Amino acid sequence: MASIDSLQFHSLCNVQSSIGRRAKLRIPSNLVVFRRRPVNLNWVQVETKRRFVCRAIGDSSTPDEDIQNTQNDDDVVVVVASTESNTPSDSENSVSRFRSMITTLPPVVFVMKKCSGNGIWIGICIAATVLVAAVRTYVVRKSRDNQPAGSVADLVRRGQLRSGDRRGISKSLNYEDPFNNPFVKLDKGNSTVEMCGKVYRLAPVTLTEKEQTIHQKRRSRAYQWKRPTTFLKEGDSIPPDVDPDTIRWIPANHPFATTVSDIDQDLAQTNVYQKQGVPFRIRAEHEAMQKKLEALQNEEKLNNLSIDSQNAREFQRPYKLGTKLEGENIQKNSQDNVTGNSSSEETHKT
Amino acid sequence: MASLRLFSTNHQSLLLPSSLSHNPLTSSSPRFVKNPSRRSPIRSVLQFNRKPELAGETPRIVVITSGKGGVGKTTTTANVGLSLARYGFSVVAIDADLGLRNLDLLLGLENRVNYTCVEVINGDCRLDQALVRDKRWSNFELLCISKPRSKLPMGFGGKALEWLVDALKTRPEGSPDFIIIDCPAGIDAGFITAITPANEAILVTTPDITALRDADRVTGLLECDGIRDIKMIVNRVRTDMIKGEDMMSVLDVQEMLGLSLLGAIPEDSEVIRSTNRGFPLVLNKPPTLAGLAFEQAAWRLVEQDSMKAVMVEEEPKKRGFFSFFGG
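Top to bottom, those sequences are chains W and G. By my numbering, the letter at position 212 of the first sequence is numbered 212, and the numbering carries on one by one without gaps. If you count the second sequence from 1, you need to add 350 to reach my numbering.
In isolation and in its complexed conformation, chain G is listed as follows:
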């Protein structure tokens, strides 16, 4: 859902860095004005050059779901979570897949997961002992629900997750700013468990008909369960195929599902490399296209904002006279 924000000049002066005057993004006209109605719809497509301001009540409990498997939920959880940590927010990522665990692999923390929620419930360890803190970003922590082949009572998982979230809120270090729950595929017990404590949802989909149908179903279930703040990330977008009309455009997907856009992630082979190496995409230097898109999505998530314009197609770069010489 689109949300309008009002910014005062005092607010801008506190947040805008001193080097803003040299930024080419703001050289032409002020980005944030008092009256948002005068803003052109495309101007706020990229909300950069200032730190995002946290909106909503903390902790923000966000479930990342899709319905269909393999569309990029875990990748989105890892990259958005680390982007939030880099922005300075404390994040706890929960891998709510009861049977198959993958989030630790994407984050490169698979060797450090000793205890899970099942051990906490059974009394084998405390909750803080089951949290795995990332050494790269100390304000990012991982919590896995269970190890493979361990069983939990069906009706018990949702309650257990609610207790966990409540315990995280009241822990001595302070409540985290974000609790991100990586939901398993499907709409059965795992899905029900994962969405139980959530206040808002990110629906990850790809621009193909099967993912869209599942996404629509999942959106209906989320709304029935009382989660109204649902935003969409369209993953694996290929602008060349969209231009050739072999793939639905991001705007077509939005028209079919009727959800606000949080981000559009282009297809990037670096995703596979980062997955295999346990090094999330957003930490690459220089950043890749998909990494930048994840960062932008995280920025909008913090501010509870949505995309106002999408990148439609690639245009040939205009070359000047001196481009031949590498200019």
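Extracted from the complex, chain W is given alone in its bound form:
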């Protein structure tokens, strides 16, 4: 934003005409200076719309009139200074001088216009760049605000969730090429490596096999441990012929373990090795349920049995006709039973 101290515009002609109309106003041509104050970038656009308003201040009869600055709405300062001459001939001379000044100025004006044109375009470009950057930043920030961290869209953007996974239409991932990794770069001397944009210095490993052996021997002396094979609860007696180093005492209230083997080991092994078919417990439960159903069905059959009239007589008690008859019948029955038994005994003997 360059400030232009003096500037001559085509609008000067308006000033000239206004000067001419106001005969009493004496404005020598060499004393009219248009000074513009530096304001802002918009001066380029404003200058075409600006209107020059010249105000004559005071009477120019005195030779030493003060120069007064006037200011219009467009921050244009018109400095008018009066001279000693007040005669019409002097005014004509001043006008002619003013005209001559104007006629000599076009090249300057042209140069200024040219420079101002280039400067205008530079300014336009800079303004456009700044505007585009600001708009882009705003859009990005707004999109980030609309997608809170952890949301599904955020996860998809980060590559941690595929949009097809939720809809069940995703294909299996094909790993692109892990063996040609662009994120890992070794330098020519193999002394540094760049990973994920950071450069690291490499140092060789110094552990030798001899040192490893020394550490192994140290540990074998320090840690004497045998795999426990016997697990006992508190209060159990130690079985004979068992190495005490292989005994492990387990508290009874251990939350995740028990010493009691409630599982048949052979059965468990069979269950683990089963490759096809119904698993053992499921089959056992199914069979148990089937038996239960059958038992229930049998009970229902018994309860729902219907009674016939013919069968009902067999279950009736004999009707009482008289005591003698009953006694004779009983005797008959007893004799029949005796002969029946004797014959059966004879048959058994033979």
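Treat the hints as calculated values from the structure; they're not laboratory data. Be careful, since some hints might not be right.
Unchecked claim - Covered stretches of chain G, going by a simulated chain W footprint (3 or more residues, C-beta under 8 Å):
#: 1; region: 465-474
#: 2; region: 511-519
#: 3; region: 566-578
#: 4; region: 607-620
#: 5; region: 636-646
#: 6; region: 656-662
Just so you know, these numbers come straight off a predicted model, no measurement behind them. For every residue, glycine included, the Cβ atom is placed at its ideal position computed from N, Cα and C.
Use these hints to put chain G onto chain W, whose structure you have.
Relative to chain W, chain G alone:
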């Protein structure tokens, strides 16, 4: 333990991708040479740009333990396991914590665990019904030992885990390449159960004195139990604190414990986010520093290799003339 590998040129031609010539990592000199003794010790710090070759007998049964709680065992299990799955290996991860179960949360599979090993042993379900397959990587499966508040006989857990591993080896789909067991903290029954079927161990520790002492004790117990292949992952490394001598360096930790280095994982706030969201770190795009470190550790685990150099401190990035303009 460091292991030397010999690579033939034919082997290289089969494994090296066609785009290798454009890779800046190999532009200067061939990475894998016939005579490994001529290799400089720093060159193999990053074994990338080729698929890792599986070493050892399958299934590789690896227990991830630490002794001290909260150092990152479950995080390591989840991320290393998924990295192995991404490399194309079939992985079964077993959460061997009898009382507290966390691995399913880190993997985002907590809503899909219906059956555990206890149900398999009791005959409520088959083993294949208790395995939870990850939908993101179909060659990764999760198996939980038990639900909270369920009890197992003390001496029975180790046997049960051995049966489980054996059943996984003989399943119709084929034996998995890796069985990774997430060991609970401490050195009591849970620890004994978890290490029972393992052939090798990864010891996770942080560079502080309490974790180091527990790690040393656990290493001694593992060696007494017959596990000799023990490698170390140093977790939550802060290079700025190491530079200011407020934290032990990775090399200091190695000097104190005397174990081969599988990986050094830098402190990363993304770990907490990934834990809360059930999305392991190694699946992030773009990858984070800790995620890359886990991938590298998984790579070395496959090849039974160890770190030859560590990242010591951060250097300021050298900026060129055009860096001001974003170059």
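Against the structure, the hints:
1. 465-474: Per the Cβ count (5), the hint holds.
2. 511-519: holds (count 4)
3. 566-578: holds (count 8)
4. 607-620: As far as the region 607-620 of chain G goes, the hint holds, because 5 residues have Cβ atoms under 8 Å from chain W.
5. 636-646: holds (count 6)
6. 656-662: This one holds; 7 residues, not fewer than the three required, reach chain W with a Cβ under 8 Å.
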